[in-house]
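Here is how the chains run, residue by residue.
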Amino acid sequence: MFEPKIVCFLCKWCTYAGADLAGTSRLEYAPNGVNIRIMCSSRVDPEHILWAFDRGADGVFVGGCHPGDCHYQDGNYKTLRRIELFQRVLKQFGLENGRLRLEWVSAAEGRKFAQLMDEFTEQIRALGPIKLGSRKGGQDGGSTKKEETS
Amino acid sequence: MAKLKVALYWAASCGGCEISILDIGAKILDFVAGAEIVFWPCAMDFKYHHVEAMPDGSIDLTLFNGAIRTSENEYMAKLFRRKSKVLVAYGSCAYEGGIPGLANVTDREGIFKRVYDTTPSTKNPKGIRPQTKTKVPEGELRLPEFYDTVKTLAQTVDVDYFVPGCPPTGERTWEVLEAILGNNLPEKGSVVGAGQKTVCDECPRTKNEKKIKAFVRPHLVIPDPDVCLLEQGIFCAGFATRDGCGAQCIQVNMPCRGCYGPPPKVIDQGAKIVSALGSIIDAEEPEEINRILDQIPNPIGYFYRFGLPYSILRRRVIK
Ligand code: FES
Numbered sequence: 001m002f003e004p005k006i007v008c009f010l011c012k013w014c015t016y017a018g019a020d021l022a023g024t025s026r027l028e029y030a031p032n033g034v035n036i037r038i039m040c041s042s043r044v045d046p047e048h049i050l051w052a053f054d055r056g057a058d059g060v061f062v063g064g065c066h067p068g069d070c071h072y073q074d075g076n077y078k079t080l081r082r083i084e085l086f087q088r089v090l091k092q093f094g095l096e097n098g099r100l101r102l103e104w105v106s107a108a109e110g111r112k113f114a115q116l117m118d119e120f121t122e123q124i125r126a127l128g129p130i131k132l133g134s135r136k137g138g139q140d141g142g143s144t145k146k147e148e149t150s
Numbered sequence: 001m002a003k004l005k006v007a008l009y010w011a012a013s014c015g016g017c018e019i020s021i022l023d024i025g026a027k028i029l030d031f032v033a034g035a036e037i038v039f040w041p042c043a044m045d046f047k048y049h050h051v052e053a054m055p056d057g058s059i060d061l062t063l064f065n066g067a068i069r070t071s072e073n074e075y076m077a078k079l080f081r082r083k084s085k086v087l088v089a090y091g092s093c094a095y096e097g098g099i100p101g102l103a104n105v106t107d108r109e110g111i112f113k114r115v116y117d118t119t120p121s122t123k124n125p126k127g128i129r130p131q132t133k134t135k136v137p138e139g140e141l142r143l144p145e146f147y148d149t150v151k152t153l154a155q156t157v158d159v160d161y162f163v164p165g166c167p168p169t170g171e172r173t174w175e176v177l178e179a180i181l182g183n184n185l186p187e188k189g190s191v192v193g194a195g196q197k198t199v200c201d202e203c204p205r206t207k208n209e210k211k212i213k214a215f216v217r218p219h220l221v222i223p224d225p226d227v228c229l230l231e232q233g234i235f236c237a238g239f240a241t242r243d244g245c246g247a248q249c250i251q252v253n254m255p256c257r258g259c260y261g262p263p264p265k266v267i268d269q270g271a272k273i274v275s276a277l278g279s280i281i282d283a284e285e286p287e288e289i290n291r292i293l294d295q296i297p298n299p300i301g302y303f304y305r306f307g308l309p310y311s312i313l314r315r316r317v318i319k
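These protein sequence lines map, in sequence, to chains W and X.
Under my numbering, read the first sequence as residues 1 to 150, first letter to last.
Under my numbering, read the second sequence as residues 1 to 319, first letter to last.
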């Protein structure tokens, strides 16, 4: 069976703490996600998401504090706007919008985090392995090496 | 001192880069005083076999403009790499794919269908399409192969320097030529003829805190000439674009379209634009956010206008 690779960007103050709670509560959930702790969901640059996809992630999950709860006041609103806009860009690139998911999970919501991981893993499993123009479309099969700029 | 041997070539390009060489003005005389032009199809009568006959590495400098979209472009890129000591990707198309690179939202079939079939002015009942080989009574005619994907020069061959711009400005071009004539070359792989900051740093307009409630298209309004265009709701890519152009478009009330490519340390210009616009759109509810985003009809067209092949994803997925 296809096991999706998932990269999760989780903000330190809420979702990562929620993931911690899921662990300390010994909840069982899909192990496909690799969690990366960031200070705020707004630290996720769309470039990070592209890198993740380009380097083999089948799905990217971004987790932040609930609206109004961001430790930096309005970081998560920026995240929301970026992801909404970025979904439109990804669609034009021919990527399914289901591969990128933004959710709000608080430090108390360990159970919600576990459920979301199960759900998102199944969602990506249904979409199948990622196909990218950068790897499949070029005449050279596409290397990701870029020229260095000074 | 022997004159430097210089070649200029155009691949998938519009010809604007050729004109930009002439933009150096009277300095063209200084240029030809130090350089002998050995190939320049736009201006002088040389043939491909003249280049093929040159010893490898015998051209000191090739300024190569245009993207790589056909087998002919690719052949010439490889030929000039072999024949040249220094190969420069000159202009946005060679550096990042440029406007021709926007073709990466579709593929060969999509383009042919449009061009030879569905355009309103096309009548092609027999469905004739270009062929790489055609038999005629006189023999066989050949055309280059048209690829699905437009590539940058550096995705095709090793490149020494990159000069951004659509087209590069005359002053910057002269700086580059001067450096080469004086054998004063920067580190291999550098972007030359441009700055290290963004167009906003060169832009003379006053800038305040940005909060955008609505986007307007530039032809529908007369912008205030002294205030940041973005603050007026006009999409301007200056914040995610390398400086060096002198903010010329902005000074005539036109927004930056991003032709100098991403600033240093950024690979994906479009991703940075998404990031910045996300910060300044003034809405918190998903419905309102999406109502504002609906005013950007073609995000890839705006955000990757000059750099789709150079971007991380390079092209739309081919099914
Ligand atoms: S700190 Fe959690 S989203 Fe900003």
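If you're looking for bench data, these hints aren't it; they were derived computationally from the structure.
Mixed in with the good hints, there may be bad ones.
[What the hints assert, rightly or not] Capping the alpha-carbon separation at 20 angstroms, the derived lysine to any residue pairs in SDA-like fashion look like this: (1) X:LYS210 <-> W:TYR72; (2) W:LYS131 <-> X:ASP107; (3) W:LYS131 <-> X:GLN295; (4) X:LYS319 <-> W:TYR72; (5) X:LYS319 <-> W:GLU47; (6) W:LYS91 <-> X:LYS210; (7) W:LYS91 <-> X:LYS265; (8) X:LYS265 <-> W:ASP20; (9) W:LYS91 <-> X:ASN290.
[Stated by the list, open to error] Just so you have them, the derived chain X footprint on chain W, three or more residues with Cβ under 8 angstroms: (10) 23–35; (11) 46–57; (12) 84–94.
[Unchecked claim] To give a feel for the contact side, a few chain W residues facing chain X, derived at Cβ under 8 angstroms: (13) PHE2; (14) LYS5; (15) LEU80; (16) LYS112.
The C-beta atom is built at its ideal place from N, Cα and C for all residues, glycine as well.
Outcome of the hint check:
1. X:LYS210 <-> W:TYR72: 19 angstroms, holds
2. W:LYS131 <-> X:ASP107: 16 angstroms, holds
3. W:LYS131 <-> X:GLN295: 29 angstroms, violated
4. X:LYS319 <-> W:TYR72: Violated. LYS319 (chain X) to TYR72 (chain W) sits at ~42 angstroms, over the 20 angstroms cutoff.
5. X:LYS319 <-> W:GLU47: 24 angstroms, violated
6. W:LYS91 <-> X:LYS210: With Cα atoms ~27 angstroms apart, LYS91 (chain W) and LYS210 (chain X) exceed 20 angstroms; violated.
7. W:LYS91 <-> X:LYS265: 26 angstroms, violated
8. X:LYS265 <-> W:ASP20: 34 angstroms, violated
9. W:LYS91 <-> X:ASN290: Holds - the C-alpha atoms of ASN290 (chain X) and LYS91 (chain W) are around 15 angstroms apart, at most 20 angstroms.
10. 23–35: violated (count 0)
11. 46–57: holds (count 7)
12. 84–94: holds (count 8)
13. PHE2: 18 angstroms, violated
14. LYS5: Nearest chain X Cβ about 17 angstroms off; hint violated.
15. LEU80: 7 angstroms, holds
16. LYS112: At 19 angstroms from the nearest chain X Cβ, LYS112 (chain W) fails the 8 angstroms test, so the hint is violated.
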